[in-house]
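Visitor: Chain B: place on chain A using the hints.
2 protein chains.
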Amino acid sequence: MKDLARESISGLPEYIPGKQVEEVVKQYNLKEVIKLASNENPLGASPLAIASINENAKFSYVYPDQRHTILKEALSAKLAVGKENLIIGNGSDEIMLLMAQVFLSAGDEVVLSRNTFSMYEFVTKIMDGTPVFVDLKDYTYDLDGILNAVTDRTKLIFLCNPNNPTGTIFSKERFDAFMSKVPDNVIVVLDEAYGDYSGSDIYPDGLKYVRAGKNLVILKTFSKVYGLAALRIGYGIAKPEIINYLHMAKMPFNVNRIGQFAALAALSDDKFFKESIENNERGKEYLYSELGKMGLKFLKTQANFIYIEFNENSDRIFIDLMKEGVIIRPLKSFGLPNSIRVTVGTMPQNERFIAALKKVVK
Amino acid sequence: MKDLARESISGLPEYIPGKQVEEVVKQYNLKEVIKLASNENPLGASPLAIASINENAKFSYVYPDQRHTILKEALSAKLAVGKENLIIGNGSDEIMLLMAQVFLSAGDEVVLSRNTFSMYEFVTKIMDGTPVFVDLKDYTYDLDGILNAVTDRTKLIFLCNPNNPTGTIFSKERFDAFMSKVPDNVIVVLDEAYGDYSGSDIYPDGLKYVRAGKNLVILKTFSKVYGLAALRIGYGIAKPEIINYLHMAKMPFNVNRIGQFAALAALSDDKFFKESIENNERGKEYLYSELGKMGLKFLKTQANFIYIEFNENSDRIFIDLMKEGVIIRPLKSFGLPNSIRVTVGTMPQNERFIAALKKVVK
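Residue numbers (the numbering used here), protein chains in the order written: chain A, 1 to 362; chain B, 1 to 362.
The shape of chain A in the complex, shown without the other chains (with noise of 0.2 Å):
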């Protein structure tokens, strides 16, 4: 089969997913087993998400609606922006291949950062696009250096805001500064999937870059504090020109139907994003007394996830605290082999993850 695929398949970056619950309990014959590895939302699902599923389920006979009118009329109204800014994926993952799809040639270069979420290296590769990797500085993506790797070549440049594994974020002055940098043949795709976690003031503002007619592509998700990984929704705000091309390109039935009705009633849920949000601020909390009363170094967050690093190869901490029936990620496949990364928890996750570190840790 070498000789007859596309050479740049078997180079593609391997996606390493947490571990399921149900693996891990075989393995180590466990009772109860926590997983704090994927930063799904510990509060589970939106009741309202929920009771849309069960509405929805017996019309699972019917194709969904390709250009999913009524999540874009909802999203719309909410953000403030066209429905003409908006594009629905299956999961924001798919928009990044859309992106990838629509606007690279062999050879053509996306900066990237090192230690983030590996998708962006992935689509761009499956187009035969070049990465060109920037490295972060004080665990957060380098903007001016971001702006130096910019060549002729350079079509894209991927950013993730807060930083999937760090938690940091770059402030609205930097981005704005960065922004006012970028080439005008150059377009900006801004991943905001933890977005909605950080509360901070200097948080950047993307939407009025889209507004005013920038190449800038915000992505979105339902997966996180909408509590909808299950479903794979996510959602691209751009300018129509640049919706308009990924519409082009997307498979037309691309998202679920039970997903975009589920998704519709999540946005709706004030109550369930507002306790998700309160559940992860609490949480974070705790979670930097105890972390700092053992001494152990870890980053500030402005997601719904803690980075920790060790002084040791972390894989044994992985698995030493699975052992204890905890899951949480070790970031070897991030690049940063003696760090995890753990999801902020309900109380009683965030306590047994704790303990367990406590016993694991020397």
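Do not take every clue at face value.
For chains that are exact copies, the list does not tell them apart, and a pair is met inside one copy or across any two.
Claimed, not checked - BS3-like mimics (lysine-lysine), calculated; alpha carbons at most 27 Å apart, straight line: (1) K181 - K2; (2) K359 - K31; (3) K274 - K58; (4) K332 - K137; (5) K2 - K125.
Hint data in this document are derived by calculation from the structure and do not stem from the laboratory.
Guide: What follows is chain B alone, placed relative to chain A:
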């Protein structure tokens, strides 16, 4: 944006979906509209699948299994192929795209038929492949013509059996002869989306070629007889070498979790499957008889839809039927401007279609 986007994107065929019931109700101020345009299962979704959706709704915060293990195990048992012979997609559409992403470089040729499902052309063009079109012969895939179109540059051949929209099949004998002549460096994609409806003794057996290690990918779907179009679950069957490449190229969480479990449940619902086939058989016989009495030209079908050809452009018929509250599919976008495709419905739906058609056809 035109200077930034790849040239191929503007040349992609636009998919024209079936009109939605709600649209037509509104547009023509009608009370009850039936849709026989998208070949959905007129009996709805499998009751076991609906129960599964309701059970899984509360787990919507959990990421799907990226390896689709449970569904693959069930399919493996049902089809008597290995798990390593299977890939699950966000509809079988996604597997068509993956085939193009893995195997097509710019200028590679793909042999396609005219008057067939447009997605084959779409995925070819998005990877800058060159579609080479072969006419149907007697409304059926012309396998000899397709072989004649194969050149040194041919990478893929797409076959649709039964063909959408004509409902015809090519026989086992013809397919066997064809497979014996396809060069080893060409991969055949055999789309059997409607294969479950063909009870014909001469329907080809693709699995034997997969088991023999030939370059054949069979595509099947849960969108038709299993009644799960809303949830986007298709799958591919091929030798492990091909499947491995498709897995490397797929996005990790391509298939939603509710859909994976609903498909698993539907697969075990023999009663619903049987009723769906029986309803289709009854409907076909009724429609054959009525269309025959009306003296219309139609094709006997191996699928769940019937192809009807008129002596005039079918857009007028499409619109007049819509005014009568019946949505069917005009076939201009399939390159058949005088024809329509009508889904076999429940008996009351079939009767309503015939009554409307009698009013509309002059």
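Visitor: Give a verdict on every hint.
Guide: These are the hints, each one checked on the structure:
no. : hint        : in the structure
1   : K181 - K2   : between (43 Å within a copy, 22 Å between copies)
2   : K359 - K31  : within (18 Å within a copy, 67 Å between copies)
3   : K274 - K58  : between (30 Å within a copy, 19 Å between copies)
4   : K332 - K137 : within (18 Å within a copy, 57 Å between copies)
5   : K2 - K125   : both (17 Å within a copy, 22 Å between copies)
This entry satisfies every hint, going by the numbered hints stated previously.
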